[in-house]
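A.B. asks: Start from the sequences and build out the full structure, keeping to the hints where you can.
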Amino acid sequence: MGRKLNYIHLLFFSTIIVILLMSAGCERKATMVSRANGRGRSIIDGKSDSFVDAKSKMTIELDTIVRDWHMLLQTADNGIKIKNENFYDKTLFVTIVKNGKTLFHQKAVTTPWLLGSPDNERQLYAGPLIAVSNTTVYLFVGSYLPETDDGYTYILAFSKDGNVNKYQMPQSLDESDLVTEFYLLYSHECLYKPFDAESLQQIIKEYCTDELLWKIKQQGKFAIFPPKISDRHFLKYDVASEMIDIDTTKMLLYSRIYFYKRHCYQPLDSMKVVLKGRRNEYNGVSYDKILSINH
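Using UniProt numbering, read the sequence shown as starting at 1 and increasing by one per residue.
Don't take every hint at face value.
Claimed, not checked - Below, computed lysine to aspartate or glutamate pairings styled on EDC-like, alpha-carbon distance capped at 20 angstroms:
hint, residue 1, residue 2
1, K98, D63
2, K101, D63
3, K215, D288
4, K228, D238
5, K272, D174
6, K261, E242
7, K166, D150
8, K107, D63
9, K217, D196
10, K276, E206
11, K205, D68
12, K289, E175
13, K272, D288
14, K276, D288
15, K250, E175
16, K57, D77
17, K101, D68
18, K107, D77
19, K98, D196
20, K107, E61
21, K250, D210
22, K221, D196
23, K221, E211
24, K276, E175
25, K221, E206
Said to hold, decoys possible - The calculated label-pair distances, taken between Cβ atoms and stated as ranges, are:
hint, residue 1, residue 2, range
26, Q168, T64, 22 to 28 angstroms
27, G79, E211, 50 to 56 angstroms
28, K228, L62, 35 to 41 angstroms
29, A108, T249, 47 to 53 angstroms
30, A76, T248, 42 to 48 angstroms
31, P118, E175, 32 to 38 angstroms
32, D77, F195, 39 to 45 angstroms
33, D196, N84, 44 to 50 angstroms
34, N99, G284, 36 to 42 angstroms
The set of hints was computed from the structure by calculation and includes no laboratory data.
Keep in mind the model is a prediction, meaning the values are calculated, not measured.
Just so you know, even glycine gets a beta-carbon here, dropped at the ideal spot from N, CA and C.
C.D. replies: Here's what the structure looks like:
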C-alpha cells in the first residue's frame, strides 16, 4: 500500500512539473501579449468591419482602426507540418489601408521569411499590435518550438512607403525588454525618410513619461544615444537591455541598454535607463514607462 501511495505521489508531482514547464514555455509569448495589451494604449481606438467575407477559411487575429490606419491580420495553416507534431505551421497575412489607400494586401509572413531559412520545427506566432505612428504600424511576430519560448521574436514595421522592416528582439527574456522594444521603434522613426517629428513624438509618448519627453524635446532626438553611436550609424548596431536592479518600494526598475556592432558580443557603449512601475489589475507591478535615460 505504501509503495502504491508513493507511486501516486510521484505521478502527481510529475504531472505538476510538466504543467509548470508547459506554462513557462509560453512566457515569452505571454509577456509580449500582456505588455502590448496591458499598457492602456491610447493609440488603439476602435474596431471596424472586416475586409474579408465571413466565409473565409483564415482566422482573423486582429481587425482594427487606429486614426487613419485600418489593419487586418489573418492566419492560416500553410501545409508545412511541424516535425514530430500533428499540426502545421502558419502563415500570417497582413492587410493595411491608410487614408483609403491599400498599402499591403494580404502580405504573407512565413517562418522561412522571418528566420531567413526553412525551419519545420518552429511554428509562426502572430503577436499583438505594438504601436501605430504616422509613418508605421508595428507588431510582434515570432517563430517558436511548440509549447515553448525557444525561438525568435521580431518586431515587424510596416511603413506607409510600402516597405517592411524586421527587427529581432533578444532571445533571452529580460524584465527590461520594453527598453529594447522602445529603442528599435525609436531608431526606425529617426531613420525614416522623410523624417516625421510628430511620428517620433507618438512613440516617445507611448513608452516614456512626460518628463523624459520634455527632455528629448530640449536636447534633441539623439540625446538618448551614447556618444560612440552617431546619428548616422546607430541603427547599424544591435541593442539589448538588461535589468540591473529593482526597487519594489519606489516601483523603479534600473536597467542598461547595450549597443553592439552587428553580430558581435562585445558592447560598444551603453545607457542607464530607469523604468517607472504602476500597480496593475492583478495587484502586481507593471514597469511600462521609461522615466529617465542617461549615459
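A.B. asks: If a hint holds in the structure, say so; if it does not, say that too.
C.D. replies: Comparing the hints with the structure gives:
1. Proposed proximity of K98 and D63 is supported: the alpha carbons are some 14 angstroms apart, at most 20 angstroms.
2. Between K101 and D63, the direct Cα distance comes to roughly 16 angstroms. Compliance with the 20 angstroms bound is thereby established for this hinted pair.
3. At roughly 18 angstroms between alpha-carbon atoms, K215 and D288 fall within 20 angstroms of each other, so this suggested pair holds.
4. Between K228 and D238, the direct Cα distance comes to roughly 14 angstroms. Compliance with the 20 angstroms bound is thereby established for this hinted pair.
5. With a C-alpha separation of about 15 angstroms, the suggested pairing of K272 with D174 holds against the 20 angstroms cut-off.
6. Pair hint K261 plus E242 holds up; C-alpha atoms about 17 angstroms apart against a cutoff of 20 angstroms.
7. A threshold of 20 angstroms between alpha carbons decides the hint, and for K166 with D150 the separation of about 19 angstroms falls inside it, so the pair holds.
8. Taking the CA atoms of K107 and D63, the gap is near 15 angstroms; set against the 20 angstroms cutoff, the hint holds.
9. Annotation: proposed proximity of K217 to D196 holds, straight-line Cα distance about 14 angstroms (limit 20 angstroms).
10. Proximity of K276 to E206 is assessed by CA-CA distance (about 13 angstroms); at most 20 angstroms being required, the pair is judged to hold.
11. Between the alpha carbons of K205 and D68 the distance comes to roughly 19 angstroms, so the proposed pair stays at or under 20 angstroms and holds.
12. Between K289 and E175 the CA atoms are separated by roughly 13 angstroms; this keeps the pair inside 20 angstroms, and the hint holds.
13. Distance check on the hinted pair: K272 and D288 sit about 16 angstroms apart at the alpha-carbon level, within 20 angstroms; holds.
14. The straight-line distance between the Cα atoms of K276 and D288 is roughly 7 angstroms, inside the 20 angstroms bound, and the hint therefore holds.
15. Distance hint between K250 and E175 is fulfilled; the C-alpha atoms sit about 17 angstroms from each other, no more than 20 angstroms.
16. Between K57 and D77 the alpha-carbon distance is near 10 angstroms, which keeps this suggested pair within the 20 angstroms criterion.
17. Pair hint K101 plus D68 holds up; C-alpha atoms about 10 angstroms apart against a cutoff of 20 angstroms.
18. A threshold of 20 angstroms between alpha carbons decides the hint, and for K107 with D77 the separation of about 15 angstroms falls inside it, so the pair holds.
19. Our distance criterion of 20 angstroms between C-alpha atoms is met by K98 and D196, whose separation comes to about 16 angstroms.
20. Between the alpha carbons of K107 and E61 the distance comes to roughly 14 angstroms, so the proposed pair stays at or under 20 angstroms and holds.
21. Between the alpha carbons of K250 and D210 the distance comes to roughly 18 angstroms, so the proposed pair stays at or under 20 angstroms and holds.
22. The hinted pair formed by K221 and D196 meets the criterion: a straight-line CA distance of about 12 angstroms does not exceed 20 angstroms.
23. Restraint check for K221 and E211: satisfied, since their Cα atoms lie roughly 14 angstroms apart, inside the 20 angstroms limit.
24. Taking the CA atoms of K276 and E175, the gap is about 12 angstroms. The hint holds against a cut of 20 angstroms.
25. Distance hint between K221 and E206 is fulfilled; the C-alpha atoms sit about 16 angstroms from each other, no more than 20 angstroms.
26. The hinted range of 22 to 28 angstroms is satisfied by Q168 and T64, whose Cβ atoms lie roughly 25 angstroms apart.
27. Take G79 and E211: their Cβ atoms lie about 52 angstroms apart, and the range 50 to 56 angstroms holds.
28. Distance hint check: the CB atoms of K228 and L62 are about 39 angstroms apart, consistent with the given range 35 to 41 angstroms.
29. Look at A108 against T249: about 49 angstroms separates their beta carbons, and that is inside 47 to 53 angstroms.
30. Hint check: A76 to T248, Cβ distance near 44 angstroms, so the stated range 42 to 48 angstroms holds.
31. At about 33 angstroms, the CB distance of P118 to E175 agrees with the hint of 32 to 38 angstroms.
32. In this structure the hint that D77 and F195 lie 39 to 45 angstroms apart at CB holds, the actual value being about 41 angstroms.
33. Between D196 and N84 the beta carbon distance is about 47 angstroms. The supplied range of 44 to 50 angstroms therefore holds.
34. Range check, N99 to G284: about 40 angstroms between beta-carbon atoms, so the 36 to 42 angstroms window is met.
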